[in-house]
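Peer 1: The chain contents come next:
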Amino acid sequence: MIKLESAHIEEVRGIRKLDIGFQKETFCISGPNGSGKSGVIDAIEFGLTGQISRLTGRGTKGLTVSEHGPHVDKTKFPGAAFVELKVFLPDIGKSATITRKISAPKKPKIVPSDRDVLAAFEEVANHPEIALSRREILRFILVEPTKRSEEIQTILKLDEIGDTRAFNTAQNKLQIASQAVAATLTSSRNALLLHLQISALRAEDLLGSVNKRRKLLSLPEIAELSADTTLDAGLSSSAKVNDFNKQSSLRDVGALTEAEKGFSVLAKAEAAAIVRDLARLEADPALLAAVQRRSFIEKGLELVEGPECPLCDRPWDEEQHLRDHLKAKLAKSEEARKLQETLLKNGGAIAREAAGIIGLLGPVQKIADAQGQAGLSQTLGGLKTNLEGLRTGLTTVDGLTGLKDRLATGWPGAPKALSKSLQGLTEKIAAIPDQTTTLDAQTFLTTAQFRLADYREAMRKNEAAENAATAAKAAYEAYCDVMEEELNNLYDEVQKDFSTFYCAVNEDDEGQFTAKLTPTAGSLSLDVNFYDRGLFPPAAFHSEGHQDGMGVCLYLALMKRLFGKRFTFALLDDVVMSVDADHRRQFCKLLKTHFPDTQFVITTHDRVWAEQMKSAGLVTSKTSLAFHSWTIDTGPLVESNAEIWDEIAASLAKGKVEVAAAALRHHLEYVSRLLADQLAAAPAFRADGNYDLGDLMPAVLPRMKLLLGKAVNAAQSWAQDARKQDALNRKQTLSESNAALNVEQWAVNKLVHYNEWANLGRRDFEPVVKAFRDMLEIFSCPACNSWLYVSPRQSPDTLRCTCGVISLSLTEKK
Amino acid sequence: MSTLQKQIAEKFLAKLAESKSLHAETIHELRTLLAASKKPKAEEITKIFQHPGGGDIK
Numbered sequence: 001m002i003k004l005e006s007a008h009i010e011e012v013r014g015i016r017k018l019d020i021g022f023q024k025e026t027f028c029i030s031g032p033n034g035s036g037k038s039g040v041i042d043a044i045e046f047g048l049t050g051q052i053s054r055l056t057g058r059g060t061k062g063l064t065v066s067e068h069g070p071h072v073d074k075t076k077f078p079g080a081a082f083v084e085l086k087v088f089l090p091d092i093g094k095s096a097t098i099t100r101k102i103s104a105p106k107k108p109k110i111v112p113s114d115r116d117v118l119a120a121f122e123e124v125a126n127h128p129e130i131a132l133s134r135r136e137i138l139r140f141i142l143v144e145p146t147k148r149s150e151e152i153q154t155i156l157k158l159d160e161i162g163d164t165r166a167f168n169t170a171q172n173k174l175q176i177a178s179q180a181v182a183a184t185l186t187s188s189r190n191a192l193l194l195h196l197q198i199s200a201l202r203a204e205d206l207l208g209s210v211n212k213r214r215k216l217l218s219l220p221e222i223a224e225l226s227a228d229t230t231l232d233a234g235l236s237s238s239a240k241v242n243d244f245n246k247q248s249s250l251r252d253v254g255a256l257t258e259a260e261k262g263f264s265v266l267a268k269a270e271a272a273a274i275v276r277d278l279a280r281l282e283a284d285p286a287l288l289a290a291v292q293r294r295s296f297i298e299k300g301l302e303l304v305e306g307p308e309c310p311l312c313d314r315p316w317d318e319e320q321h322l323r324d325h326l327k328a329k330l331a332k333s334e335e336a337r338k339l340q341e342t343l344l345k346n347g348g349a350i351a352r353e354a355a356g357i358i359g360l361l362g363p364v365q366k367i368a369d370a371q372g373q374a375g376l377s378q379t380l381g382g383l384k385t386n387l388e389g390l391r392t393g394l395t396t397v398d399g400l401t402g403l404k405d406r407l408a409t410g411w412p413g414a415p416k417a418l419s420k421s422l423q424g425l426t427e428k429i430a431a432i433p434d435q436t437t438t439l440d441a442q443t444f445l446t447t448a449q450f451r452l453a454d455y456r457e458a459m460r461k462n463e464a465a466e467n468a469a470t471a472a473k474a475a476y477e478a479y480c481d482v483m484e485e486e487l488n489n490l491y492d493e494v495q496k497d498f499s500t501f502y503c504a505v506n507e508d509d510e511g512q513f514t515a516k517l518t519p520t521a522g523s524l525s526l527d528v529n530f531y532d533r534g535l536f537p538p539a540a541f542h543s544e545g546h547q548d549g550m551g552v553c554l555y556l557a558l559m560k561r562l563f564g565k566r567f568t569f570a571l572l573d574d575v576v577m578s579v580d581a582d583h584r585r586q587f588c589k590l591l592k593t594h595f596p597d598t599q600f601v602i603t604t605h606d607r608v609w610a611e612q613m614k615s616a617g618l619v620t621s622k623t624s625l626a627f628h629s630w631t632i633d634t635g636p637l638v639e640s641n642a643e644i645w646d647e648i649a650a651s652l653a654k655g656k657v658e659v660a661a662a663a664l665r666h667h668l669e670y671v672s673r674l675l676a677d678q679l680a681a682a683p684a685f686r687a688d689g690n691y692d693l694g695d696l697m698p699a700v701l702p703r704m705k706l707l708l709g710k711a712v713n714a715a716q717s718w719a720q721d722a723r724k725q726d727a728l729n730r731k732q733t734l735s736e737s738n739a740a741l742n743v744e745q746w747a748v749n750k751l752v753h754y755n756e757w758a759n760l761g762r763r764d765f766e767p768v769v770k771a772f773r774d775m776l777e778i779f780s781c782p783a784c785n786s787w788l789y790v791s792p793r794q795s796p797d798t799l800r801c802t803c804g805v806i807s808l809s810l811t812e813k814k
Numbered sequence: 001m002s003t004l005q006k007q008i009a010e011k012f013l014a015k016l017a018e019s020k021s022l023h024a025e026t027i028h029e030l031r032t033l034l035a036a037s038k039k040p041k042a043e044e045i046t047k048i049f050q051h052p053g054g055g056d057i058k
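In order, the protein sequences belong to chains A and B.
So for the first sequence, the working numbering puts the first residue at 1; every next one is plus one.
So for the second sequence, the working numbering puts the first residue at 1; every next one is plus one.
Rather than coming from a laboratory, the hints here were simulated on the basis of the structure.
Just so you know, not all the hints are guaranteed correct.
Unchecked claim - Label-pair distances were calculated between CB atoms; the ranges are:
no. : chain 1 : residue 1 : chain 2 : residue 2 : range
1   : A       : Glu507    : B       : Glu10     : 34 to 42 Å
2   : A       : Val143    : B       : Ala36     : 27 to 35 Å
3   : B       : Arg31     : A       : Ala286    : 43 to 51 Å
4   : B       : Arg31     : A       : Glu507    : 45 to 53 Å
5   : A       : Thr438    : B       : Lys20     : 50 to 58 Å
6   : B       : Ala36     : A       : Gly413    : 42 to 50 Å
7   : A       : Thr426    : B       : Ala36     : 56 to 64 Å
8   : B       : Ala36     : A       : Pro315    : 19 to 27 Å
9   : A       : Glu258    : B       : Glu10     : 53 to 61 Å
10  : B       : Glu10     : A       : Gly413    : 48 to 56 Å
Claimed, not checked - In silico negatives: residues of chain B with every beta carbon more than 10 Å from chain A:
no. : residue
11  : Ala24
12  : His28
13  : Thr32
14  : Ala35
15  : Ala36
As the list claims (entries may be wrong) - Straight-line Cα separation of at most 20 Å, SDA-like style, residue types lysine to any residue; simulated pairs:
no. : chain 1 : residue 1 : chain 2 : residue 2
16  : B       : Lys39     : A       : Glu477
17  : B       : Lys41     : A       : Glu319
18  : A       : Lys147    : A       : Pro519
By construction, the Cβ of each residue, glycine as well, lies at the ideal position given by its N, Cα and C atoms.
With the rest of the complex left out, here is chain B (with noise of 0.2 Å):
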């Protein structure tokens, strides 16, 4: 991943940790996933939130 893309990712994970509007863990995995792909895909990005991490409800 570039320097520049990077730098999005990061400074788009820390919005979100600031923000409180998600699970730590979700971040984590959405972390993971922009790290591993730079053109990650939706249905990646549909079954982080699918998962119980990306809600309130156990």
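Just chain A, same shape as in the assembly (with noise of 0.2 Å):
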């Protein structure tokens, strides 16, 4: 896996030109919605795998890479938008960099092109779950058991593995192809019991037969038949080359003119269940519709070789969405499915008869040659072949239709003068005079041994079928069983890890939490445990926040157990929205001390919880970025406590004062809402909880004035002279500033009510922008420039900043 060293990003998404330094850091970038966060996170999955998440899976139809991955004004010019990654590649100990255009997604440049190093990024490009949205953590938590087996396969890899679709089709296919050839067995062992007269293939009634010929030529009995026996050994060749036996024919027209009798009646209730469920489909177009594209999707599943879809030749971002997109498409049509299934299992009856048929058939078409019958021959020999085709045809639904009228009719398809030319060659052979004691012994040993061949090359064919079968069957249930068994261990192992984790960021309420993920063919069940009253579905009792979190935990014991040490790298897109502020602090130590080798690029549109992450040490200033807005035109606009009041005086130089006044805005909000935070500041009470500039600052400047008071006079009291008089300048500059500000009024006023900036002129604004520069200061440290905050939160002992430069005791000594 990798760590990001930085980023630039051009013309992607929402960005115009981006920078970033990420410094194989975990990274924190916050921003209002719709500040291009998610354009970041997008760059970078770009980067590293070539796709784009958000514009593939669900709810994506008719989004694609090529069209919507580049910025909307550079949609006709995709070669100009592009991204370009320096990563390290810890297993190799190596930087590279990749550089990848939206124009060409598939053909990155990497550089150096090492064989290791490319290897590296074509692992990366082969794990896009390295990027996780809030909109997919849902994907583990709110969906059906099946999905999640899909989605859990999907991520952990498992489901080209876990797909036994290949072994299962080919025991089934291998299965039909043994009934086939049983059925081939069958008529060649009733043509050679018919032939030599007996009731059951034992040999020694077999022998019995054979030997009243041989002893009749004065032949030696055969005493023992083993698998190179010949019944008419000891024949002269000319005696072998005669093989009719005028008995064994009468008995095979006979047996065949018999059958012809009962053709209208055969499988006749299977034929016409056919043909009812046909009619059905007719009836139905959608439901015949579903089993036509049943088979068609079934066959293009299997063709799948990559993205490209077989069936259309449609491109696929990804080959597993195009793999999903079928799937699903199968799921919709279980109806269809059992339907196709009866279809198909009374084919299989008649397919069955038709192989009886088609044995009789055999023996007497070589009597009527024999016989110089040659119409007689053509029309069994036609017949055979119409039976065979009718065979293959019963073995899909599209054959099935195909057959409906034939099956409706009399599937069989016997001539109508086929009785009479039966009874014809009846007569004919009947009319040889018979054949004498030693003839007769002569050709029935002849005839016996080419059926006997016939049956042990049937019986070989079957055997092999057979073995191949049931070899086909037992390699399925090994696999089947193996990959219960990997996965029963994989999810306890994945389970243990989830309860740890969300038991880490819920420790003060649900310490005590435990998980059971329960897999069942094809699905995998999820209860969890909620205040020890027992184990239900994740919705059923726990809050929103809580199934954020539980989705965010699974997904990390996913990719531990995918990874285990190499679980370098992860990209969360707002995945703790609903998360609340204390558990958000335990989140943190979570990522801190369970994966403390991972960079994870956040992003959040919650300032304060971007706040919170540096607070708790998870990042510092240096690996945070903001954004306070963005435009078409300029993408993120990236705030900068150290530069916002560069940008605010270049605006101004420009008589820009519309685009400072905003960027001062947007500052103060920013800040204001930061520091009522952290310093436990008492705005007045909105239900609603949306507080404004309006609210914030108000409460923030009499309660940092009160804080400094507190600081001076415990520093007093610690008669510590250098904090209390750090305590009194910044208590003065808030004066200072909050006079200058209150001098200002009017135009703060048109400040904090929006778009009433634009009549303002820049004599007018500068002032109300050194006043707030000025007060903004005595909020933040000159060392790290981290906001200061009061801890603890409810009855503050200590101002502070981060970095511990300061630190103003608020308690008095006593």
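Build the complex from these two chains, which are given one at a time in their own frames, with help from the hints.
Peer 2: Structure, rendered in structure tokens:
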């Protein structure tokens, strides 16, 4: 895996041009909704994998990376949209740069192009799950068990090996093939029994019938039937030429004649059921379409070899998405599946009967040939070919559809004159003078040997087919067993980690939390403990925030299982949106303690949460970036405490008061919210929690004044002169800047109230900027640039910064 | 092939060898197939079992 050192993004999604130094550290990008945070995630994901998750999967029909990956003004120039990432590859200890253009997502430029570097990037490209968005975490928690199983198998890359379909299809095919061979074996067996005039194919009976003839011919009796026994052994070559045996021929023709009488009722119920089901399909075009598509899609799914659909050639961003799409279509046609199964089952029954008829036709056709009945021979040959074609058609729904009329009117399809022709053949054979006893015995043995050879061949094929089917079945079952066992082990580990992580985040209220992942045929149930009242589905009693937390914890557990210690990088896009403040601190602790070697790039629209990450030591000022807004022309506007005043000054220098005023207002909105939280200020309560600048700043200023007053008194009591002076200086600056702001209150009011700055002049605005800048400096540390905060929050005893340079006690010596 | 997939494939082949329900030759061919393709096709598997090595009849 990787660690990200820096990113250069141009014209990708909502970004025009942006450089970010990630420094291989966990990094936070904050900003209001629509400020371009997710665009950064998209760009990094694209740079690493060539894909953008938000443009693929459910609900993204019609979206593509090529068309919607570039900035909206560059959709016709995708070559201008690219991402350049400098990454460190811990496995090989090298740094490398990957540059990927939207116009050529599969052809990144990698420098250096060493084999190990290329292999490392290829591995990352195969793991789009490094990016997690809030939309995606709910995939694990709130979906039905079958879908969860798919999602988790996909993320763990189990979908290929977890797919037992190929083994199942193979065993089914071999089973069907075995049944067809078995039908041929039955036919050849019946033909042999008929000729030998015995009822069971026991060696003793067979040899009894054969030896009776051999004795007549003064040939040695065969004592034992082995695999190489030849029944007509000892007959001269000339005697073997004639294999016409009158009595046997009469029996063969008689058997076919008898069978032909029953053709009209043969498998009639099955044929009628097929006709009925086909009529149902015709009456329900949607069902018919589902069945037809089913076969089509099944075939397509088997043929998928890459991200291009084998059915329509449509390119997909990812092969898995194509597979998911086809699987979803199959899942929708459950009724069609059942109907298809019934149709094929009835088709199979008819096919077996057809095989029986074919078995009877062969010997009679031979007799007809021998008796110069060319017409009958041709009829029988035609019927045989016809029935063999029928057997093939009975194996598919399309084939059955084509056979509907035939199945309705009498599927054997024997010519009407067949009965009469067979009668004629019988009479002709009967008219032949009886063969001499010797000739009868000779031809009996010759025919017996032919039929035994046919039977042996059919037996061998049958055994091979049976063995193949049995072996395939054994392999399929072994595969399923092993997979189930491994998946159970895997889910057990994931379940333990998931519970551990969730407990870590929620140790204050759910420290004894447990979860249960239960895999059953193709599905994965998730139940979680709710305050020791039992196991329930996640959405049953837990809040949305807790569910969000579960989603992230399950994701982390899965990534740990997938990569182990090589889990060094993940993109978390606004994933803990609904988790409350206290649990967020625990979340920071979880990431720091359980994933110390993983670089997380975290986005959030909640600036307080962004600051909490700093307070918790998960990120620093240097590994944080805040966007204050976004415009279509500029992309994300980066908020920087150090640079905001330069930006404002630059705007004022250009006479763009409205730009400067907007930047200042955004900055004040951000800072006032942050400081109100960090200093535990008390703005006038609003039930909707929608505090604006006008609510927050008036609460922050007196709060700070109060805190600084306490700090002065405390320092005085502890005889800490330096700290006392620091607090006094801050308090004085606060008063001065506050006074200045009061003087400029008319301008401040315009600033605070949206859209009223338009008429302000540069000289009107500059004193306001200076007053705010001076005032805000007292709220931050000059050493680490972090904003001051009180600790503990409820009953503060210290006012401090992140680095500890500022640490003003608020408690006086007693 | 990922480690996990590899692990499952190895255990699958070991189980087949242990059960002695398949010829060593068949198992070898399955091993080759699973190593070469992470998504073996039904036709390829069918072919392996239809091969004489897949049955006892020579």
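Peer 1: Next, verify each hint and record whether it holds.
Peer 2: Each hint, compared with the structure:
Here the CB-CB span from Glu507 (chain A) to Glu10 (chain B) is close to 39 Å, well matched to the stated 34 to 42 Å. With their beta carbons about 34 Å apart, Val143 (chain A) and Ala36 (chain B) fall inside the hinted range of 27 to 35 Å. About 45 Å separates the C-beta atoms of Arg31 (chain B) and Ala286 (chain A), a value consistent with the hinted range of 43 to 51 Å. The supplied range of 45 to 53 Å is met by Arg31 (chain B) and Glu507 (chain A), whose beta-carbon atoms lie about 47 Å from each other.
Between Thr438 (chain A) and Lys20 (chain B) the beta carbon distance is about 53 Å. The supplied range of 50 to 58 Å therefore holds. Between Ala36 (chain B) and Gly413 (chain A) the C-beta distance comes to about 46 Å, which sits within the given range of 42 to 50 Å. The beta-carbon spacing between Thr426 (chain A) and Ala36 (chain B), approximately 60 Å, falls within the hinted interval of 56 to 64 Å. Take Ala36 (chain B) and Pro315 (chain A): their Cβ atoms lie about 25 Å apart, and the range 19 to 27 Å holds.
About 58 Å separates the C-beta atoms of Glu258 (chain A) and Glu10 (chain B), a value consistent with the hinted range of 53 to 61 Å. As the Cβ distance of Glu10 (chain B) to Gly413 (chain A) is approximately 53 Å, the hint placing it in 48 to 56 Å holds. Every CB of chain A lies more than 10 Å from the CB of Ala24 (chain B), the least distance being 12 Å, so the non-interface label holds. The beta carbon of His28 (chain B) is kept farther than 10 Å from every beta carbon of chain A, the shortest such distance being approximately 13 Å.
With a cut of 10 Å on Cβ distances, Thr32 (chain B) stays outside the contact zone with chain A, its closest approach being about 14 Å. Look at Ala35 (chain B): its CB is around 12 Å from the nearest CB on chain A, clear of 10 Å, so calling it non-interface holds up. With a least beta-carbon separation of about 13 Å from chain A, Ala36 (chain B) lies farther than 10 Å from that chain, consistent with its non-interface assignment. The hinted pair formed by Lys39 (chain B) and Glu477 (chain A) meets the criterion: a straight-line CA distance of about 18 Å does not exceed 20 Å.
For the given pair, Lys41 (chain B) sits about 16 Å from Glu319 (chain A) by alpha-carbon distance, which is consistent with the 20 Å threshold. Of the supplied pair hints, the one linking Lys147 (chain A) and Pro519 (chain A) holds, its CA atoms being roughly 12 Å apart against a limit of 20 Å.
Checked against the numbered hints given earlier, this structure breaks none of them.
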